[in-house]
Amino acid sequence: MKFGIFSVVDHYPDELARTTSQFYEELLEQVEAAERWGFESFWVAEHHFHPYGAIPRPPIWLAAAAQRTDTIRLG
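To convert, note that position 5 of the sequence shown is 897 in my numbering; the numbers rise steadily by one, no gaps.
It should be emphasised that the hints constitute simulated quantities derived from the structure, not laboratory data.
Note that CB positions come from ideal geometry on N, CA and C, so glycine has one too.
Keep in mind that a hint or two might mislead.
As a list, the in silico SDA-like pairs of lysine to any residue whose alpha-carbon atoms are at most 25 Å apart [to be verified]:
1. 894 <-> 929
2. 894 <-> 963
3. 894 <-> 912
FRET-style restraints, in silico, Cβ to Cβ [unchecked claim]:
4. 962 <-> 911: 14 to 20 Å
5. 893 <-> 913: 33 to 39 Å
6. 959 <-> 932: 31 to 37 Å
7. 910 <-> 930: 26 to 32 Å
8. 918 <-> 938: 14 to 20 Å
Given these sequences and hints, build the entire structure.
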């Protein structure tokens, strides 16, 4: 059986008083952890015109995730 992760990727500006850059870094660390733990895939949502949507262009973020992973499928 294969398991994957789907992240809605909502970022609430007041949450934990972190910047968007810190949020992206934490999300990249989650992808790295998912790969270490044996997950087969990691998916992210695309949000437009949504005040809390953190990834309006997933391919850009997925390229950064691809730099840090080897085997996990990204989408």
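Right, here's what the structure says about each hint:
Between the alpha carbons of residue 894 and residue 929 the distance comes to roughly 12 Å, so the proposed pair stays at or under 25 Å and holds. For a cut-off of 25 Å, the pair hint linking residue 894 to residue 963 stands: about 13 Å separates their Cα positions. For a cut-off of 25 Å, the pair hint linking residue 894 to residue 912 is broken: about 31 Å separates their Cα positions. For the hinted restraint 14 to 20 Å between residue 962 and residue 911, the CB-CB distance of approximately 28 Å leaves it violated.
In this structure the supplied range 33 to 39 Å holds for residue 893 paired with residue 913, their Cβ-Cβ distance being about 36 Å. The hint said 31 to 37 Å for the Cβ distance between residue 959 and residue 932, and at roughly 19 Å that hint is violated. Taken as a hint, the range 26 to 32 Å holds for the pair residue 910 and residue 930, whose Cβ atoms sit roughly 28 Å apart. Our hint of 14 to 20 Å for residue 918 and residue 938 holds, since their Cβ atoms are close to 19 Å apart.
Comparing the model with each earlier hint shows violations of hints 3, 4, 6; every other hint is respected.
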